[in-house]
Amino acid sequence: MLTGLTLTQARAGLTTRKFSARELAQAHLDAIARLNTALNAYITVLPEADVLASADAADARYAAGTAGIMDGLPIGVKDLFCTKGVRTTAASKMLADFVPPYESTVTANLLGAGAVFLGKTNLDEFAMGSANMSSAFGPTTNPWKRKGDEATALVPGGSSGGSSAAVAAGMALAATGTDTGGSIRQPAAYCGIVGLKPTYGRCSRWGTIAFASSLDQAGPMTRSVADAGLMLEAMAGFDAKDSTSSNRAVPQFHKAVGKSVKGLRVGIPAEYRAPGLSADVVAMWEQGIAWLKAAGCEVVDVSLPHTRYGLTTYYIIAPAECSSNLARYDGIRFGLRKDAPSLDGVYEATRAAGFGQEVRNRILMGTYVLSAGYYDAYYLKAQKVRTLIRRDFEQAFENVDVLLTPTAPSAAFAQGENMDDPVQMYLNDIFTVPASMAGVPALSVPVGLNEVGLPLGLQVIGKHFDEETVLSVGGALEAAAGFTHTPSIHAGAGA
Amino acid sequence: MSLDLATTRRIAKLARIGLEEHELEATRQKLNGILGWIDQLAEVDVTGVPPMVGTETETLRQREDKVTDGNSRDALLACAPETSGPFYTVPKVVE
Amino acid sequence: MSYTIEGRTGTWEIVVGLEVHAQVISHSKLFSGASTTFGGDPNTQVSLVDAAFPGMLPVLNHECVAQAVRTGVGLNAQINLFSRFDRKNYFYADLPQGYQISQFEHPIVGKGVISIELQNGDVREIGITRLHLEQDAGKLLHDQDPTKSFVDLNRSGVALMEIVSEPDIREPEEAGAYLRKLRQILRYLGTCDGNMEEGSMRADVNVSVRKAGEPFRTRCEIKNVNSIRFVMQAIEVEAARQVEIWENGGEVDQETRLFDPGRGATRTMRAKEDAHDYRYFPDPDLLPLVLEQAWVDDLAAHLPELPDARRARFQAEYGIAFYDAGVLVAEQAVAEYYEAVARGRDGKLAATWVMGDLFAALNRTGNSIETSPVSAAALGKMLDLIADKTINGKIAKEVFEDMVETGESPDAIVEKKGLRQVTDTGAIDAAIAAVLEKHPDKLAEYRSGKDKLFGFFVGQVMKETKGKANPAMVNDALKAHLDV
Ligand SMILES: [Mg+2]
Ligand SMILES: [Zn+2]
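Residue numbers (numbering that gives the first Met the number 0), protein chains in the order written: chain A, 0 to 494; chain B, 0 to 94; chain C, 0 to 483.
Hints are computed from structural coordinates only; laboratory data are not their basis.
Don't take each hint at face value.
Straight-line alpha carbon distances no greater than 20 Å define the calculated EDC-like cross-link-like pairs of lysine to aspartate or glutamate that follow [said to hold, decoys possible]:
| id | chain 1 | residue 1 | chain 2 | residue 2 |
| --- | --- | --- | --- | --- |
| 1 | B | K91 | A | E357 |
| 2 | A | K83 | A | D49 |
| 3 | C | K210 | C | E170 |
| 4 | B | K12 | A | D49 |
| 5 | A | K383 | B | D68 |
| 6 | B | K12 | A | E149 |
| 7 | C | K416 | C | E463 |
| 8 | C | K388 | C | E404 |
| 9 | B | K65 | C | E170 |
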């Protein structure tokens, strides 16, 4: 089944000419054609002829022996990465017809490595959300169903929900995601796939539509930990166009997977045993601890005392940055414009019509916390607390190599649930936000199903720029868990 | 801190998001709920703690003073919802 | 206080502070690789970053940082090794990002001082509060269409230095002197061309009035005044307007105003109800800017000589007066011209020629020092001809005028016209004899005690020699002949 492969397996098949890149691409286009109506994982599917032309070019490179590390691998691209000549919407009405005349650095890197793009995947509008419910192009549906309840549509998580659903359902071998407070890891956990948020600065932000600049980081969403390493190698790297991009060398990340984890010290942060944590998640966490012990890790209790302030800090800093980052959507140079007799009238009409409610609310919240009289109490305070959160991690990492936590407090929930109380929705990110605040790398690995058959993920958090250890530990969990389940809606199912 | 309607209106104006009167109250309530939750930050003692700007993993990089960009007017203007000749246009602004 | 306004309720003084936006001389913009050249076709010098396309990021231009540091050193100011870029958030059609990247809390340059000289010779020090780097906005054109304003983003993102003075200025004249001095320093440093017509230097003028000894009253900011003369006018009329309001029992509103040169008045620019709240915060796309002291020291060590230092040196080295030295250093090109003429020669004589005949000739022929028809080398050569007595001062004037007209070298002109000074005593004696013979009456008068006629005889002898006689020799010889 070509749509069920890992990147690593597909690459092996292409290298040995077991199948062609064209066949692989066609299989995925067929899967998208069959499943996208139900899942709405893609906002834009590239024209078949273009996809096949890319695949043919990849086949030619395989024949010539010049194939890159992602060559011929069909993937989805979160619709937050600007793609030259291909509509890029950020799942917003504001950019419904925006066709960038430029290619983001991350997608350019992937193209340079030979990847074949299938289309642009759905997301929460401007990446603001944890359920993929705020997309102007309609919600993405999680391909997983509760056991015995095929009727209830579940959320794929967010904001990279289209990417996670596509990868889980066999509509792409892998996909790019972006993570600001958990937007790669949480949907990966909800959809039973692997998601890696690298260290802030690993992947260039140039050409990726900004949500919160000090937090946004692109990363891979894949079916295996080794795939995440492989794809990150292609995505990452220094970019002179991004002042916050790191100029450290990019290691061969995939080689870290399978390395022995014996003797590594794994910290278990006490504060993550938060109230509201579901029993199945706790059980899975305990199981993960046991697996790592069995693999030779030393498990240590640690404390990250400011964990509980991570979310509130995040919900000041991220909206503040977004309120400023989204000021450029003003109806003048690109995107939607609503006419009005005055300049302010154009601004107000355009931004009221172009932004959905969640985006509007976050812009307003961000405007408020930065405004005169409130800056010190909110924004400045949050930046100071952010320092404390970062110090928590630094202190913990003096004693341990990685941290192990659940990725999310529960499994995927139903569409429409948690919608009325924004704070309830925000709590989905409680375990993912702190690593974003500190800028450290974190990986979500699917490790099992809960009693209603939904996937659960565990999160491995590492030191700045130490993705390799994170991947090694993630690989050990993956090997121990042997997670091979597939969702109810899948390209391979009932076909 | 509790958010009143006047402040909500002022923020919406600052952010240039045109909200109808009835939307303002709903927005006020939503934001107020979030603010109530955020107020727990007040209990954190940050005496002597410096604010974290960015993620502080690198120092600011600078580029050489070279002209490397420009002359792409057509490609840029093609993205604009309204143009006139070589210009972007807006409703007449009185200064 | 020399400048005051007499009101019905007493005497008012004015308090002025200036915020000058000086465009940094650089090839490319502060955060993008687009060109900064003035006068390009609309929207051709615009990168995706300048037009604020989604996902675009700023990358700092190193040369702009260096220019700001040079300027800071030139303003005798504190250079801050740690500075930071902040976003100033507001919506306007000329501001694509919806924010201006500026430096709010931590500017690159701190306190400094400029000393200015007034017409009456008084020297005053005006404090500099700070200098920071920021992006320029685009340009709006309002006269192209009845219902639309047009937007040109060529200037969007060009680097500006905002140089803020302390409210130390007390007269319109001081404001003018401050701006001229600031412009002079910037031009010497090569950090801003100071061209106000092209908008590369613009002033925001903060004006308030108060009675002697009072704390500051409410000030108004007059935005974007684009000539020194208008700045001085704007201060006068704005101060008068404020005095009028206070004296009528009113309150001056803190507001932004515009100066209308046509009407010679200021008017409200933005209504109070949309008072701004700029929501400054550190730009998360840019990390803090950290400079090395050694790098700053190196820049400082390689700065060109600044006007005050050069003026003092000219006085000392060339023996010229303080005032003359001031005139000669006013423009860098003039100072360099002068020095090329004066070096190794009589500095005072060089100053006389440059400030006198040369300036007059430039004026008359509509030239600047850069396009002078007489090069510094040629003028120097001419002074050499005076020094070695090839020509005298009077003939030199004739030679100089010829140089202006023909651009020929002074030696060539002297040869061509046979202007070589007569130093042959025989020839001079012969001329004297001829003159005395022609004017026996005057000779008699002189000898009977009318000493003043000596000048008459000198003139006649010079005339007889067509001005070419060496005047000193004529004097000596005449004395010998007359005083027998
Ligand atoms: Mg200002
Ligand atoms: Zn300014």
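Here is how each hint holds up against the structure:
1. Between B/K91 and A/E357 the CA atoms are separated by roughly 32 Å; this puts the pair beyond 20 Å, and the hint is violated.
2. Using a Cα cut-off of 20 Å, the hinted pair A/K83 and A/D49 holds, with the two alpha carbons roughly 13 Å apart.
3. Straight-line distance between C-alpha atoms of C/K210 and C/E170 comes to about 14 Å, which keeps the hinted pair within the 20 Å bound.
4. With a CA separation close to 45 Å, the supplied pair B/K12 and A/D49 exceeds the 20 Å bound.
5. For the given pair, A/K383 sits about 38 Å from B/D68 by alpha-carbon distance, which is inconsistent with the 20 Å threshold.
6. Proximity of B/K12 to A/E149 is assessed by CA-CA distance (about 45 Å); at most 20 Å being required, the pair is judged violated.
7. Distance check on the hinted pair: C/K416 and C/E463 sit about 17 Å apart at the alpha-carbon level, within 20 Å; holds.
8. Among the hinted pairs, C/K388 with C/E404 is inconsistent with the structure: their alpha-carbon atoms are about 23 Å apart, more than 20 Å.
9. For the given pair, B/K65 sits about 42 Å from C/E170 by alpha-carbon distance, which is inconsistent with the 20 Å threshold.
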